[in-house]
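J.: For chain E, the structure is supplied; the task is to place chain S on it using the hints.
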Amino acid sequence: MNAIAEQKRKNRIYTAVILGMLAAVIVIGIACLFVGASNMTFRDALDALLGSGNDAQSRIIWKIRVPRVLAAVIAGAGLGVAGLVMQTTLNNPMASPSTLGVSNGAVFGANLSIIAFAGGFLSTGNNIQSFDVGANPYATSLLAFVFSTLSVLLILGLCTLRSFSPNVVVLAGMAIGAVWTAATTILQFYATDVGLSAAVVWSFGDLGRATYRTDLIMLAVVLAGLVFFWLMSWKYNALLSGEATAKTMGVHVEGLRFATLLLASVITAVCVSFLGIIGFVGIICPHVTKKLLGQDHRVTVPASALSGSLLLLLADTLSRSLGSGSALPVGAITSLLGAPFFLTVIFGKKGGHHGC
Amino acid sequence: MLKVENLHFSYSKNGDHALNGASLQLQQGEVGILLGKNGSGKTTLFKNILGIEKPSSGSIRFDGENLLKMPRRERARRIAYVPQHIHFGDLSVLDSVLMGRVAYFGMRAGREDYQAVEKILRDMQLDTFASRSAEALSGGEKQKITIARAMAQEPKLMIFDEPTGNLDIANEQLIIREAKRLAKEKNISVLSSLHDLNQALAFGDKFFFMKDGQVKYAGGREVFTPAVIKDIFDTDVRIAQVDGRTVILQNF
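Keeping their order, the protein sequence lines are chains E and S. First residue of the first sequence? That's 1 in this note's numbering, and the numbers climb one at a time after it. First residue of the second sequence? That's 1 in this note's numbering, and the numbers climb one at a time after it.
Some hints could be false.
[As the list claims (entries may be wrong)] Here are the simulated DSSO-like cross-link-like pairs (lysine-lysine), alpha carbons at most 27 Å apart as the crow flies:
1. Lys206(S) with Lys230(S)
2. Lys142(S) with Lys8(E)
3. Lys216(S) with Lys206(S)
4. Lys10(E) with Lys142(S)
5. Lys3(S) with Lys180(S)
6. Lys142(S) with Lys291(E)
7. Lys119(S) with Lys8(E)
[Said to hold, decoys possible] Some chain S residues close to chain E (C-beta under 10 Å, calculated; not the full set):
8. Gly51
9. Ala76
10. Thr146
11. Arg177
12. Arg181
13. Leu182
14. Lys184
15. Tyr217
Simulated from the structure, these hints should not be mistaken for laboratory data. We put the CB at the ideal spot given by N, CA and C, even for glycine.
Bound-form chain S, shown alone:
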């Protein structure tokens, strides 16, 4: 279980707080979605959970352990990151995914690392690409390779930063399905930011609406009300039921 409590963080010494007492809880195996305007603190919250940045106060615990005191290598075996902007240098797909094992092998990849990676590549149907340069593949394929790399870390929690930000709708669907499948099959928790509210509804179990560096509303689908969305995004929406699914309609 991930438990973030009262997190404060600022990018400059005297600047505004990018996180201003953010808190959230996510049970094992749940898919949590972070929603909010640009600049509301979603990416900053991720960076703090991932250990890229250090909060000035507050606590982050994972399965009871203090993440802020954990060595980076230990943390990498629990939490993996699927960033929005993807670079691999010009490593092959196999090597790019093998990179996820660095937290385990340290200096030289061993036989069991190769075996673990080969299994993931087969499972995600990437094995036919294995020797190609990862950088030369399409946006959707690259995104899949980053997910495969994150899987190679054998994490309990995967963090996605705008996973569908640069993709067409077919690839959006593919990536969300893949992430959801892995979360359910391997009992991995997922924490993801998304811009599209309907995508969020389809993907998530739990929702965190962020504003001014805080999680202002949290809960299941019932949190989606026109009033909440008005408060968070400052825009009017209608909520309808279509084929038994909740759909958010924007007023254009």
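Chain E extracted, bound-state conformation:
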């Protein structure tokens, strides 16, 4: 009986770890509000936060930094947890939020908007000033979202023919992704210099594009996903015993896989459409979490989400501090920051958890 009590004690420790991570996200998130390109002192930022700063400072904090930090927390959580559940349901450690061609579809949509329709967010955007003032600021995001969702639906539709065999899903994702990439290349071949550079800049992830409205949309999708994934955590655990065994334990594996892939892809599509490509979060965070905390999805679902938030928060803050005036692409920083840590954990000696 002692061993059973011991197991229950372990479960309590995991709960504490997750609450600790949540606290870290909140503390670091608030701390990140004090870092940025403008020469505000700590005192200025605090005043602005408490509502007693001057107009410019308040605007920097409330219109720029707060939505940006929220975007990091929300998108990081979404991408981190999406990677985890994709890896579990596809039984493939290389699966990521972009496995179903989501990112490639989004890039194509954005390129189409920028190059062919000369539009999009650039009129409100950061690095390049508007070259078509009349463009709708949401057009690029919208087209990116349409094409990434199209990609997902196409692949999931195709895979119903083969009852969602994991390998078929991954291969179909690669093939469709390659088609979008090819189409993007052809578009870029015909693009003007300005269009091409605008399109390339779009594909660099940038949290500076976030507004309260985009944050709210992302939050709704990510929150729905998190709740669903968390409720399904025992069923994901059952999948660790193999697909056939999970079926005999009463899990509707095909339905679970479909719902999971769809939700994870929509989360990714929304984040990528608003913020651009933020790679690697969906690979690094689930693997580091599994390596350190084990494979129980009751733990890894919240932990992957929170570690995604942490990584993106830190990466964005670093990108803002290094860029001296204009932020470096956050997608590059997540990889630069995450990869060494990832490798240390993967090759590090931590007994017990072999499953990456």
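T.: Just chain S now, with coordinates in the frame of chain E:
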């Protein structure tokens, strides 16, 4: 009672039938053993009974209910599976066995699920392992944990696929004894495939010899004759009595 009638199944659309009119009947509480060469259809038959695969024709009934129309969760409360290849991820023994309760609790395990699992762990003397990672245990212990997980499903029928395939003889004995004990004490039917004919004789009440996707011979111990074994396995054996037990002797 399990009643399988005239089951047909093929892994590919135009391929050979892996099951070609297989039929069998097993009464409640009986231990039935499937025997046959590799590729004769034993595992395929199991997969169809378990709902992992769907037959192209034929019927499977359990206590009069049509298993082919039953939702997976309902089926999991009646039939549990002890697979040959065992994986647990890196879940603890307690969580691995608790997994068998998914068909009951769905999303979150409740107090009664924990109580049921604790009882099974004590009964099978696994409680001292409860917090260890199941994956790190020995082959025999892992096999016991899969049986415990199957027990947590509170099944009326347990299906074992080559339960002794990867075990040494001491563990073979342990697993067969445990399975037999549970079957008798809880009145659970067992359907198992085995390669060793003598193990089969010691373990089973009823025997099904499979060939070419069909159950060709079925019945009690009397079915074991040199002629039947010659037909099924294409090999010559002698049958002897030792200490009142029937023993199959291979000619080497």
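J.: Close enough to count: is the Cβ of Lys184(S) nearer than 10 Å to one in chain E?
T.: 23 Å, violated
J.: Quick one, are Lys142(S) and Lys8(E) close enough, alpha carbons at most 27 Å?
T.: At roughly 21 Å apart (the allowed maximum being 27 Å), Lys8(E) and Lys142(S) satisfy the hint.
J.: Hint validation: Arg181(S) versus chain E, beta carbon distance must be below 10 Å. Holds or violated?
T.: 22 Å, violated
J.: Could you grab the alpha-carbon distance between Lys10(E) and Lys142(S) and see if it respects the 27 Å cut-off?
T.: 21 Å, holds
J.: Is the straight-line distance between the alpha-carbon of Lys3(S) and that of Lys180(S) 27 Å or less?
T.: Since the Cα atoms of Lys3(S) and Lys180(S) sit roughly 21 Å apart, the hinted pair holds (cutoff 27 Å).
J.: Double-check Arg177(S) for me: the hint is only fine if its C-beta lies closer than 10 Å to a C-beta in chain E.
T.: Given a least distance of 23 Å, the restraint on Arg177(S) is violated.
J.: Double-check Gly51(S) for me: the hint is only fine if its C-beta lies closer than 10 Å to a C-beta in chain E.
T.: Since chain E brings a Cβ to about 6 Å from Gly51(S), closer than 10 Å, the hint holds.
J.: Let's test the interface hint: is any C-beta of chain E closer than 10 Å to that of Thr146(S)?
T.: 9 Å, holds
J.: Between Lys216(S) and Lys206(S), is the straight-line Cα distance small enough, at 27 Å or below?
T.: This hinted pair holds, its Cα atoms lying about 14 Å apart.
J.: Need the status of pair Lys206(S), Lys230(S): alpha-carbon distance at most 27 Å?
T.: 19 Å, holds
J.: Tell me if Tyr217(S) is really an interface residue toward chain E, meaning its C-beta lies closer than 10 Å to one of theirs.
T.: For Tyr217(S), the interface hint is violated, since the closest Cβ of chain E sits about 28 Å away, which is over 10 Å.
J.: Hint check: Lys119(S) vs Lys8(E), CA-CA at most 27 Å. Holds or violated?
T.: 16 Å, holds
Going through the hint list in order, the structure does not satisfy hints 11, 12, 13, 14, 15.
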